[in-house]
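Put together the whole structure using the sequences plus the hints.
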Amino acid sequence: MATRRNAVIIGPADTPFEDGTFRLVMQFEEQYPNKPPQVKFISQMFHPNVYATGELCLDILQNRWSPTYDVAAVLTSIQSLLNDPNTGSPANVEASNLYKDNRKEYTKRVRETVEKSWED
1 MATRRNAVII GPADTPFEDG TFRLVMQFEE QYPNKPPQVK FISQMFHPNV YATGELCLDI
61 LQNRWSPTYD VAAVLTSIQS LLNDPNTGSP ANVEASNLYK DNRKEYTKRV RETVEKSWED
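The sequence shown begins at 1 in UniProt numbering and counts up by one.
By construction, these hints were calculated from the structure, which means they are not laboratory data. Idealized CB from N, CA, C, for every residue including glycine. Treat the hints loosely; a few may be bogus.
[Claimed, not checked] With a straight-line Cα cutoff of 20 Å, these simulated SDA-like cross-link-like pairs (lysine to any residue) come out: (1) 100 / 112; (2) 40 / 96; (3) 40 / 6; (4) 40 / 75.
[Said to hold, decoys possible] Pair ranges (Cβ atoms, derived): (5) 115 / 86: 17 to 27 Å; (6) 31 / 93: 27 to 37 Å; (7) 4 / 63: 17 to 27 Å.
Shown next as structure tokens:
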């Protein structure tokens, strides 16, 4: 039987995500910890590695999963990803292109999602 847990990530200081409170849902299947949890943002996100559905493109949740990872490690990895996106395999091409080519506009769009996160 699957177990669902809610989580909140605070945007890292000194990043465009600073002061944001981003809600996620984590779903753990019976095979956990041998299989990674499914993690999805409920809060709206504008990030190169977050799909429009809220799902993440993060290696430790796919091919680099290890049963030694706990919930704290997963959430810490997601928080790190916020300021250090992998533009090599974008889930959101628009966000990836802005991150690479127009950082000012990217930051503006991220700050809009930070403000929305306060309303959630």
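Here's how the hints hold up against the structure:
no.	hint	result
1	100 / 112	19 Å, holds
2	40 / 96	19 Å, holds
3	40 / 6	10 Å, holds
4	40 / 75	11 Å, holds
5	115 / 86: 17 to 27 Å	25 Å, holds
6	31 / 93: 27 to 37 Å	32 Å, holds
7	4 / 63: 17 to 27 Å	24 Å, holds
Of the numbered hints given earlier, the model fails none.
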